[in-house]
Amino acid sequence: MSSVAPIAPVPVAPTTARPAAVARRRLRRGHVARRIGINLLGLAVFTVMIFPVYWMVATAFKPGRNIQDYKPHWFPAPATLSNFTNAVHRPYFWTDVKNSLIIVSFVVVLSLTVAFLAALALSRFRFYGRTAFIFLILGTLMVPLAALIIPLYITLSRVHLINTLTGVIAMYMTFVLPFSVWTLQGFMRGVPRELEEAAMVDGSTRFGAFVRILLPLVAPGLVATSIFAFIQAWNEFIIAYVFLHDGSKQTITVWLASFTNLHGTDWGPLMAGATLTALPVVVFFVLIQRRIAFGLTAGAVRG
Amino acid sequence: MAAIQLVHVSKEYGGGALAVNDLNLEIAEGEFVVLVGPSGCGKTTALRMVAGLEEITDGEIRIGDRVVNDLAPRDRDIAMVFQNYALYPHKTVYENLVFGLRMRKVPKEERRRRVEEIARILGLEDMLQRRPAQLSGGQRQRVAMGRAIVREPQAFLMDEPLSNLDAKLRVQMRAEIARIQQTLAVTTLYVTHDQVEAMTMGHRVAVMRGGVLQQVDTPQRLYDSPGNLFVASFVGSPAMNLLEVVLERDGGTLVCRVGDTDLELPADTVGRRPALERFVGRHIAVGIRPEALSEAGEDPDAPRLRGRVLLVEALGAESLAHVEVTGTPLDRPELVDVAASQTHLLPVGERTATLLARLEHDTGVRPGHIVDLAVDTRRLHFFDLESGVAIAAAAAPVTAAAVG
Amino acid sequence: MAVAESEFPLVSRRRRRLSGRRVASALAPYALLAPAAAIIGAVLGYPLYLLVRLSFEKYGLFELVRHHGTWVGLGNYRKIFHDSQFWHVVLRTVVFTAVNVTLTMVLGTAIALLIARLGRFMRLLLTTALVLVWATPVVVAVNIWRWMVDYEFGVANWTLTKLHFGNFVHHDWFASSLSGFGVITAVIVWGAIPFVAITVYAGLSQVPQELIEAAQIDGARAWNVFREVTLPLLKPIFIILASLSIIWDFQVFNQVWIMLGERPSPDYYLMSIYAFVESFRINEYGLGSAIAVVMVAMMMVATLVYIRQMVKTGEVR
Ligand SMILES: Nc1ncnc2c1ncn2[C@@H]1O[C@H](COP(=O)(O)OP(=O)(O)OP(=O)(O)O)[C@@H](O)[C@H]1O
Ligand SMILES: [Mg+2]
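Top to bottom, those sequences are chains A, B and C.
For the first sequence, position 256 (counting from the first letter as 1) is numbered 283 according to my numbering, and the numbering increases by one without interruption.
For the second sequence, position 282 (counting from the first letter as 1) is numbered 322 according to my numbering, and the numbering increases by one without interruption.
For the third sequence, position 164 (counting from the first letter as 1) is numbered 182 according to my numbering, and the numbering increases by one without interruption.
Heads up, some of the hints might be wrong.
To be verified - Quick look at which bits of chain C chain A covers, simulated, 3 or more residues with Cβ under 8 angstroms: (1) 49 to 60; (2) 73 to 86; (3) 239 to 245.
In case anyone wonders, no lab produced these hints; they're calculated from the structure.
Cβ atoms here follow ideal geometry from the backbone N, Cα and C, with glycine treated the same way.
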């Protein structure tokens, strides 16, 4: 089509004031300088934010003499795995990892099952008391664990559940369950009701529609919520700290927090242990970050 | 008020393709120019470069006597009306209108006076304390206009400001915008993909395609003498019928062979287009506006095409007949919305084209009838098949001839 | 049941079935909610009731063994309200919360605005860093920072000395509670920035570009665009983030507790620590409960703001 020239080209004389090319170059240069400046600032923020994480990993791989040196060794060279072997051979490491896994699995399965049913009710039915229940779920935020722990301790000591994983599993429900209900009902509300209605019109029962339509569509949300429940339970400290006295009954976070002994802190193994503790969480977090990030605020901006 | 000039302006978004390719356009002081073209042709890009919202890859833009290439939007002293109005949802109508004046540090008393005046002109007085969400589409549109007007800028830029309104309101606002522009005599660049809007509103219309400016002219001249096949097919509703024909010499006259019918060309038509001689014996494209076709009378010598009626659309004041004739429909990529190229939608044979004819409202023609269509051969348009460029009449008497 | 039903005439059977189904579907949501409600009642509702009751009782070691408190009415409250240390702790907690929330919100928002202006590569890099920080468990984060500010081999002391901020060789950050809280604030703000930054960034990307352009054409400079357009549009997000931050920072426990080797001196008491120490170190569970009840009452305000905003923005429907 290049052969069809503009039929009525407008006669405009090029300006004599400043050739276009010069103006363009000037604009570009200012632009580029600004962009470089902004990206440098981004790099600075990146460095500040990532440094502590880097420092943990780097320390974990450094030999003791490079750790215990007033002048920092910025890179883990030479690198060693001895801190990791040291950490995992400390008393109760594997037992406490196992305890954490047991607690977390029970908490996730239990809270997700119960939360799924509740979320179904909240997102798919209108009923008397629905709003009240939602306020109840959101209201649990205002009860700090440090406050709740006192009556919980008194109750559990009455029923002799102190120093048992069962008691801790039950208490983890206090914060995992409301969160799971809230997140899941958000995911379910994102699945249009019309899809189930279409299935029902096509001859499916209401229950069948839940199973065949809603469940597969909300599955990614279920996975995300499970992972987040996992992370919350894995990271919990204060309840496990108060209720589990024996070293062999504790969780990995308590194990990590009690690393310091009377002779001071063994930083290399501690950082290795910290790296190991953070690892599953980081892996899971990166997997679901996109989905969960906005659960608490989603949709708050409407143009 | 100021003139706007685009000189060899190009825009590349990255990826090598030019969204706007060497655009030259001048909008005189107080003039209303409409930029029109199919979706994706670069209209919005051109407008946003004038506004300063998009960097210019090449060329120069001037507003008044300033080169504005590296001026920020706020320093260009232009106002823009967006397709979705872009009203600040958290501000009241009054705050929306006054915002630009506040930013420009207009004194408080002056601000109030100007906003109230504009609100009165646009009939928004009772809504000043409402939020955009509490307004109807038409009212929002009016606030958006008001926000542009109140600033008393050098120029208005509008990007499809009516496309979110329903059909009736659109017609109404079309007239209103044109009236306001006339009263204020502000230089205006208006973007639309709706050629009816373009033709009814603009002093001049600039037709773009694929980033390239095709033709700039008054609506009437665009209609009467489209410069190439694309403009011919784009301008006019219903669109021009375009056929591929063979130009032959038959004794002293030239004839167009449409299928197996010869249309004799009047001597003065040929006389004004000396270039036609070069195409004798070759295929060319011929364009026939629907109103140049009518039900043939008794005169057997008048040029006519015979065909079968496929469909009659009664529009009230007139009827549009779709008539299938033997002939070769034009099939080229640049053609949009051409009746003759739509033939594949209808069950037709190999070498048939469907023509659109504007008939009297009380026509007796019905689908299935065989009709003779009289062709006003003085109003034919001729195009070079290779380049698509019009084989135009020599300068002066074109308009008269085409209309006559 | 099916057999019995078939004996009824058709009409009445249909009516019975219908109403039976209606009852079932009216009860369904309650049945679905029942397990969740039961668990929340058992692990949250009952303990909360017990907390309030404990706050009116003398409950020490003796009572713990006896499993029975002694009613003292408002005695515990009278005691803490007349205790100047309590008021110090309240004030410290409020100031601590205010500082942390302010820093988190301001820095988080600034970083969100920065992310929006970065090139693609830097943006990816920075958001990856933010996600990594976000994912770091609190216990791990506290230990990292404890290591960085270690008085002997900490990287902070060496760097600050090298940068001529003064002599930080063998500087003990926890000797003074002010600098100690500085480190604790750093841990908290560092850990909380990602959530705020990423959420605000997501909000920013939802602000229609046209509105920003309209404001630019209207003559607004960058600061005015932010103040007049972006900020008001993001207000709901800011309210939610701020109230969540208040809720979280007001109940900070782990960061202080672990940072100070599980025995913080009274200079470091925040309300949560104070309640914990009163209960589990001094075994005055009644007093600890009273402090905790005051804490819950204070948190209620922030929670109400949060819930109100969630209702307003249509999250609660
Ligand atoms: N930001 C951008 N980045 C890359 N390409 C772009 C961008 N904006 C537009 N384009 C491309 O430039 C061309 C012209 O786009 P433009 O928006 O100017 O079209 P338009 O004529 O306004 O179309 P419409 O009538 O649909 O609004 C299109 O091919 C489009 O895909
Ligand atoms: Mg456009």
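**Study point:** Proximity test - 8 angstroms, beta-carbon atoms, the segment 73 to 86 of chain C to chain A, at least three hits
**Key:** Held - the segment 73 to 86 of chain C has 3 residues with a Cβ nearer than 8 angstroms to chain A, which meets the minimum of three.
Exercise for review: Report holds or violated for chain A covering the segment 239 to 245 of chain C, Cβ cut-off 8 angstroms, minimum 3 residues.
Suggested key: Result for this restraint: violated, n = 0.
**Study point:** Residues of the segment 49 to 60 of chain C with Cβ under 8 angstroms from chain A, three needed, outcome
**Key:** holds (count 8)
The structure does not agree with numbered hint 3 stated previously, though it agrees with all others.
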